[in-house]
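Peer 1: Residue numbers (our numbering), protein chains in the order written: chain E, 1 to 440; chain S, 1 to 440; chain L, 1 to 440; chain Y, 1 to 440.
Hints listed in this document are in silico derivations from the structure and should not be mistaken for laboratory results. Hints are supplied without guarantee of correctness; some may be wrong.
[What the hints assert, rightly or not] Straight-line Cα separation of at most 27 Å, BS3-like style, residue types lysine-lysine; simulated pairs:
id : chain 1 : residue 1 : chain 2 : residue 2
1  : E       : K25       : Y       : K218
2  : E       : K299      : Y       : K78
3  : L       : K133      : S       : K299
4  : S       : K299      : E       : K300
5  : E       : K133      : Y       : K299
6  : Y       : K25       : Y       : K111
7  : S       : K12       : S       : K218
8  : S       : K300      : L       : K111
9  : L       : K25       : S       : K284
10 : E       : K133      : S       : K300
11 : Y       : K244      : L       : K133
12 : S       : K25       : L       : K300
13 : Y       : K144      : Y       : K111
14 : E       : K144      : Y       : K218
15 : Y       : K144      : L       : K300
16 : Y       : K144      : E       : K299
17 : Y       : K144      : E       : K144
18 : E       : K25       : Y       : K299
[Claimed, not checked] The following label-pair restraints were derived from C-beta to C-beta distances:
id : chain 1 : residue 1 : chain 2 : residue 2 : range
19 : E       : K77       : Y       : E348      : 32 to 42 Å
20 : S       : R196      : E       : D332      : 50 to 60 Å
21 : L       : K169      : E       : R196      : 52 to 62 Å
22 : L       : I138      : Y       : G434      : 47 to 57 Å
23 : S       : Q423      : E       : P436      : 50 to 60 Å
24 : L       : Y217      : E       : K77       : 52 to 62 Å
25 : E       : T135      : L       : T125      : 27 to 37 Å
[Stated by the list, open to error] Computed footprint of chain E on chain S, listed as stretches where at least three residues anywhere in the stretch have a Cβ under 8 Å from a Cβ of chain E:
id : segment
26 : 150-157
27 : 235-245
28 : 354-360
The beta carbon of each residue, even a glycine, is placed where N, CA and C say it ideally should be.
Number of protein chains: 4
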Amino acid sequence: MKIPKDMNLSVKSLGETNISSPLSKHTECFEDNFFFTDSKKMRIRLDAHITPEYSETKNIQSFELAGPSRSIYFEPKKTRAAIVTCGGLCPGLNDVIRAVVMELHYWYNVKNVIGIRYGYSGLATNPEYPPMKLTPDIVSEIHKQGGTILGSSRGHPPVNEMVDTLVHKNINILFCIGGDGTLKGAHALVEEIERRGLKISVVGIPKTVDNDIPFVYKSFGFKTAVAMASQVIDCAHVEAVAAKNGVGLVKLMGRSAGFISAYATCASGNANYCLIPEMHFEPKGPGNLYQHLKARLLKKEHAVIVVAEGAGQHLIGDSGLCDASGNKKFSDIGRFLRFGMTDYFKSEWDMEINVKYISPSYIIRSVPANSEDSILCADLGRLAVDAAMAGKTDLMIGHWHGEFTHVPFKAVQGVKKRVNSEQRLWTSVLSCTGQPLNWW
Amino acid sequence: MKIPKDMNLSVKSLGETNISSPLSKHTECFEDNFFFTDSKKMRIRLDAHITPEYSETKNIQSFELAGPSRSIYFEPKKTRAAIVTCGGLCPGLNDVIRAVVMELHYWYNVKNVIGIRYGYSGLATNPEYPPMKLTPDIVSEIHKQGGTILGSSRGHPPVNEMVDTLVHKNINILFCIGGDGTLKGAHALVEEIERRGLKISVVGIPKTVDNDIPFVYKSFGFKTAVAMASQVIDCAHVEAVAAKNGVGLVKLMGRSAGFISAYATCASGNANYCLIPEMHFEPKGPGNLYQHLKARLLKKEHAVIVVAEGAGQHLIGDSGLCDASGNKKFSDIGRFLRFGMTDYFKSEWDMEINVKYISPSYIIRSVPANSEDSILCADLGRLAVDAAMAGKTDLMIGHWHGEFTHVPFKAVQGVKKRVNSEQRLWTSVLSCTGQPLNWW
Amino acid sequence: MKIPKDMNLSVKSLGETNISSPLSKHTECFEDNFFFTDSKKMRIRLDAHITPEYSETKNIQSFELAGPSRSIYFEPKKTRAAIVTCGGLCPGLNDVIRAVVMELHYWYNVKNVIGIRYGYSGLATNPEYPPMKLTPDIVSEIHKQGGTILGSSRGHPPVNEMVDTLVHKNINILFCIGGDGTLKGAHALVEEIERRGLKISVVGIPKTVDNDIPFVYKSFGFKTAVAMASQVIDCAHVEAVAAKNGVGLVKLMGRSAGFISAYATCASGNANYCLIPEMHFEPKGPGNLYQHLKARLLKKEHAVIVVAEGAGQHLIGDSGLCDASGNKKFSDIGRFLRFGMTDYFKSEWDMEINVKYISPSYIIRSVPANSEDSILCADLGRLAVDAAMAGKTDLMIGHWHGEFTHVPFKAVQGVKKRVNSEQRLWTSVLSCTGQPLNWW
Amino acid sequence: MKIPKDMNLSVKSLGETNISSPLSKHTECFEDNFFFTDSKKMRIRLDAHITPEYSETKNIQSFELAGPSRSIYFEPKKTRAAIVTCGGLCPGLNDVIRAVVMELHYWYNVKNVIGIRYGYSGLATNPEYPPMKLTPDIVSEIHKQGGTILGSSRGHPPVNEMVDTLVHKNINILFCIGGDGTLKGAHALVEEIERRGLKISVVGIPKTVDNDIPFVYKSFGFKTAVAMASQVIDCAHVEAVAAKNGVGLVKLMGRSAGFISAYATCASGNANYCLIPEMHFEPKGPGNLYQHLKARLLKKEHAVIVVAEGAGQHLIGDSGLCDASGNKKFSDIGRFLRFGMTDYFKSEWDMEINVKYISPSYIIRSVPANSEDSILCADLGRLAVDAAMAGKTDLMIGHWHGEFTHVPFKAVQGVKKRVNSEQRLWTSVLSCTGQPLNWW
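Same shape as in the complex, but just chain E (with noise of 0.2 Å):
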């Protein structure tokens, strides 16, 4: 899916910035540029970790830095501002919960802060359940903990009623923590409100642990994932060696990206094929997945494997199905490989050998942020404050090339990061794993 080219991708403001920001009265004695990034622009390149036809789009030339700026449109004192986490959790959402509530509180004086529960579906005409109180106190431990304190949830109510509960509530701003399906809804709820003509801003946080979202290098939580899921190909690494012709296979999240699976790879250092949806692979005959196993397994014995839950759908099969946010359910690929793999070499080869397969599941994602992570989360919690205060809206926050930016909503819909073989990234993990390239 292409986005049109003469998309509008300047960002959106809900009118002038009036109010001195209370951030000035700490810059006193700093040079002028400290704080304020509103004129600047980022050249963006578009490189190889895009889709080609995304690479097309010749009228993102830039984006916006993001920010705190010098005036703001909201006055502190009476603005309202609400959070929203939706989709499948991704560590680090607590810290973004805390960043946001911090910021608003101690550095623009925003005192009221609420937190919907469960995904959208918190702003139903009557959710089942009330939106709780955000404080600093209330929030000041949360980002050791795994998960969202204000739940979570997939899909959403009518965008109508949406609008009506921010308006009943009388919140000014709506910050959207989640992926692909909770940007498109901060997106829809943008339109309505814009055709109600009110001032509410809605600023997106981009999440998403396969780290498939345009123009964010690395997602938050997405490195802690990585870092459990190479604790797991360890794992993998242990048991196959202990065994004879031992195969450790170890499945992974990443249904149209292989991002996890292939840093994990990286980041291991164990594992010595990775497979992804973005790389096809086919399992039998010559020179194949099978055989070049079956080479390793006689010369060392051992071999692990790593694959993405995505990879090799057309070796299974749909299986049909969605879930509430529209995604596709895969068929199961490590099951497939487990079960094919034994019975291959049995039956062709009268060969035994001994697969230990380990689907972590939820166990990657569960866990509280790391390092690298909380420093990200604190980051982008505080430049969402700044881009809503200024009265920004219909944006999210990137990172790209080491700068945070403003990105429009529109700009991200309908494409996917993808591991491109071009890059770095894939040359990486074919040198960590000798795996063979002409697969592809």
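Fit chains S, L and Y to the given chain E structure using the hints.
Peer 2: The following block gives chains S, L and Y in isolation, referenced to the frame of chain E:
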């Protein structure tokens, strides 16, 4: 299965201990009883962890305390020892190997130590993999790695053949690290060794991640496995809390004994139900699991269930399969509950629940030993060497009520520890979970 | 200091237990002896961990086993309990608090529980900080945090004043979590309570990161501290190995008992010398530390020394200072060795050594409890509630030879556990390190 | 110190690259530009992390991108490579060694690789320790260990002597892993190599736990050190919270750059003050540290201070000492604050504060690399091999704005990165801590 009441439970010796222990030279300045433990006897209390039929075995009144002897049987310079690791992995295997090698080398001056590869299969006449030499340099850092540097496997070649190999390789001492089956095999070796009138000591170090070997309080690696399992339960808790009617479901190892599940439940503090093989439960019907779970969800909106793989087997039928050690393969209670629960809540009460299923499998057993287990493994390895050098044989090192003991192989054959409903552990589980008592 | 031989070691009770325990209703389907432990007695073996003078105390023949009683003293609905944490931090304090609250609330229906702030100082007439209400909701996640949510402090207000406060706040049960000094204070409270003829139960839960309270095998938090200390030793090992003549030097807690140092040495497997208060050593002179170290460096090029803060005090003179608990402040043996060693090797042997000094201090005690300690803490909290509800008083919960017991405060006063040279622990240390025995 | 404006920053080559890279055979099915990066140039933005004087260096317009070349200079079969690790430890050294060996062996077919022992001292004419052979088998598991298997040291023998050794041992490529001083030494080697007209490539991999080498975003091991430091801050927070007027004080590495302190402050979220060398602060006087701290304690009862070892040196005087690398030895700001603070609060305001001081020292740098650093190290090692095999020399591998580059040694000499008050990092610190801006 009962132990014959007339069983001879005294520990066997290969002969007179005429050689002064090399340890003696260290002890000049010490009082007489510093190292030497031969004469002491330990009264064994046969308490609740042991199944009732076992406690009837009236002839087990006491066990020898383990420890170094003033005089030993084997002449260090002429002694050649071998180590073998069998069965599934367990944290601490490398710690035990290291301790045996270090103790033999530095304290007993036994420099000839070899490692048998891949379990008993390495004792076949022409093993696929020859033994490896073991020296302090080779083992000095292995205790920080999971698994076993020797490899492991299930089953064994004919006993006759294994004894031939021991003879052929001039092995005087064989250390067998393994579980139920391994220790049974070790006893068979002893019988054949005696039949031939050989002077080879066979000493076992009990290994069971399920913690089901009698006279072993917490077997090595068990605490590490519990620690890992506890973290997984915490993950399930995080997932459950974040979802509406979220139910975290964790399947843990534990074929016929639920120790891992029970202790991990206590360690985590976040589980609400703990289902183990020893305690019958029914999912459906008044007052049973699903109904109790429903009540909890209505009140607390989330719950965590821990289930041992061997629990509720009456619900799912026998798979009819066995592994190479002759262990019954279990049908999958985890998947049964995962899908069964969702369907039942939907059809019976039109209630949508959100099951988050985690099956950590090998993750909990392939990590390095934690510090408690490292301490235990070092002690076990050391004491196994003490016993063997003194010419004792046909025994394993036990650990009961804070003391290490010599336990004849026959004393543990055909008997398994179980979680008993009348003991503190199960009371602790009930207290931690709040689960009802009257399913049982 | 000896315990008077005529000391009455039976446990005190406030009166008749006429109320049926709320736990009884759960036990219909159980056999009689499921929960109830009153009549059982445990024979205590006074073994090597206790100093000889203590083992002479012939009147300690047995202790009551801890556990719930069928009939209790306090009427749940009218009962008001308080918890206080005193002295230095220890992993697991929050676990104990949580267990006490949970057990009181869910199993005994005692809903009035308060937390005294900052140790005994919170029992002053006008404490700086008022007590906090404790409910299951407040404590449900605290066991994953280090420290104590109540705060802690050393010392205490006049006993009279503290009892006034207990009376004024209608407290029936006081749980005192603390060490030597705290338990002494608790006993003083009991004496004043008895003097006034009040019916207030005071139950202690022994806390000592040094593991030096008698009749407590491994005190809660100790295993966690050992695990942390063991990691620090590994760090020192890494530093030592990487430097020419590298000497890793680690100073650990342990004022008069070297348990942390001894166990951490065994757990790490990487230490070559372990110096503790119980074992005299000399650095200089033939056959002493520096000379042995020199020989090792010439052979292995690196070494690791673990030293407890209370070791070698004869070498450095008394600081003459005490802290608020009356504990002697130690001179710094770590810095003494660090610089002394470098100078001595230089001046005596013109040998450049490379000392890498690590003093982890609070790091090993301020982390959350690991899983073993979490299990222990939950049991201790629970059993303290059982004892208190049954009207028992003037006791702490002990843990010896695998059983939890009721230990009268007086039995532990003025006596400390020591690492004894004639026991397995020290043998293990000698075996792990290879350090000479004849310094002692 | 400024870089001369006429400095030649292009990368040096030993000569024509006439040999087809062994990597080429893997790339048949790939597009041309898969591996090969020679022609690309990266525009370097000289942003805030670099000190202003450096950014004036107008002649640094671009750096070569690192990556494999289609044609290489050294014939694999005849090539002999050496690796040396110098200076203080840093997490990931073993990862880099492993990656270099693996890449040379498996991808470039260079089987002759040796490891120089204990830094440059191993290149002396008669080194105490001979080099060790490095093979895939030897390095395969080392990335899970902290430290360096080669050993390290500071300083170096005469350059002349080191080049003699390289010649004598037929070394064609030398990989130097080290910091400032090491890279300076590497450049000196290149000058002598050129003087003699030799064809030896010298490639550096920058190592600095302080993260102060220019053109390296986050140097390898830095993230791991930050993660460890962040945990220590959390410990200090736990201690501070539990004490009345508790002040956790953590001293971290950072001689002239406060990156570890700044990032660890952001990662932990629990620090209230972050004192670094780049930012002047005064403890006493109106509006300064102690007064601000007092205000906080009165409100919150606890605080955490993070101080880099190089901060506040104007307060304590110069120690006047240097280490073997010529680095100035610092006076101890940690102890200065620890005691100074307590005394000042007592004497000035009669206020008892409770300082809990933690100096983790080597703990943060001797642990194994975490997964992020493992990924980085593997990339750095690989790219160093690519550069060397292509005959490039006199350069280190840089990492800037998401790209790996070739940075001539001269470009980084005498220049150090600093935390700059006008950049996002310091803004994040201010936001996380809430510390005042106007000390500076």
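Peer 1: Would you mind marking each hint as holding or not holding in the structure?
Peer 2: So, going through the hints one by one against the coordinates:
Between K25/E and K218/Y the CA atoms are separated by roughly 32 Å; this puts the pair beyond 27 Å, and the hint is violated. About 26 Å separates the Cα atoms of K299/E and K78/Y, which keeps this hinted pair within 27 Å; it holds. Proximity of K133/L to K299/S is assessed by CA-CA distance (about 22 Å); at most 27 Å being required, the pair is judged to hold. With a CA separation close to 55 Å, the supplied pair K299/S and K300/E exceeds the 27 Å bound.
Of the supplied pair hints, the one linking K133/E and K299/Y holds, its CA atoms being roughly 22 Å apart against a limit of 27 Å. With a C-alpha separation of about 18 Å, the suggested pair K25/Y and K111/Y falls inside the 27 Å cut-off, and the hint holds. Restraint check for K12/S and K218/S: satisfied, since their Cα atoms lie roughly 25 Å apart, inside the 27 Å limit. A hinted pair counts as satisfied when its Cα atoms are at most 27 Å apart, and K300/S with K111/L qualifies at roughly 18 Å.
With a CA separation close to 23 Å, the supplied pair K25/L and K284/S stays within the 27 Å bound. Only pairs whose Cα atoms come within 27 Å are accepted, and K133/E paired with K300/S is accepted, the gap being roughly 19 Å. Proximity of K244/Y to K133/L is assessed by CA-CA distance (about 19 Å); at most 27 Å being required, the pair is judged to hold. This hinted pair checks out: K25/S and K300/L have alpha carbons roughly 23 Å apart, not beyond 27 Å.
Of the pairs offered as hints, the one joining K144/Y and K111/Y holds, with about 23 Å between alpha carbons and a cut-off of 27 Å not exceeded. Note on K144/E and K218/Y: the hinted pairing holds, with a Cα-Cα distance of about 24 Å set against a maximum of 27 Å. Our distance criterion of 27 Å between C-alpha atoms is met by K144/Y and K300/L, whose separation comes to about 22 Å. Among the hinted pairs, K144/Y with K299/E is consistent with the structure: their alpha-carbon atoms are about 24 Å apart, no more than 27 Å.
Restraint check: the Cα-Cα separation between K144/Y and K144/E comes to about 26 Å, which is no more than 27 Å; the hinted pair holds. Restraint check for K25/E and K299/Y: satisfied, since their Cα atoms lie roughly 22 Å apart, inside the 27 Å limit. Remark: the range hint 32 to 42 Å for K77/E to E348/Y is upheld by a beta-carbon distance near 37 Å. R196/S and D332/E have their C-beta atoms about 53 Å apart, which keeps the hinted 50 to 60 Å range intact.
Taking the beta carbon of each, K169/L and R196/E are about 56 Å apart, inside 52 to 62 Å as hinted. Between I138/L and G434/Y the CB atoms are about 26 Å apart, so this pair departs from the stated range of 47 to 57 Å. Roughly 56 Å separates the CB atoms of Q423/S and P436/E, a value that falls within the hinted 50 to 60 Å. Evaluation of the 52 to 62 Å hint for Y217/L and K77/E yields a pass: the beta carbon distance comes to about 59 Å.
About 32 Å separates the C-beta atoms of T135/E and T125/L, a value consistent with the hinted range of 27 to 37 Å. Judged by the Cβ-Cβ criterion of 8 Å, the segment 150-157 of chain S is covered by chain E as claimed, because 3 of its residues qualify and three suffice. Residue count for the segment 235-245 of chain S with a Cβ under 8 Å from a Cβ of chain E: 8. That meets the three needed, and the coverage hint holds. Taking a C-beta to C-beta cut-off of 8 Å, the segment 354-360 of chain S contributes 5 residues in contact with chain E, enough for the three needed, and the coverage statement holds.
Checked against the numbered hints given earlier, the structure breaks hints 1, 4 and 22 and satisfies all the rest.
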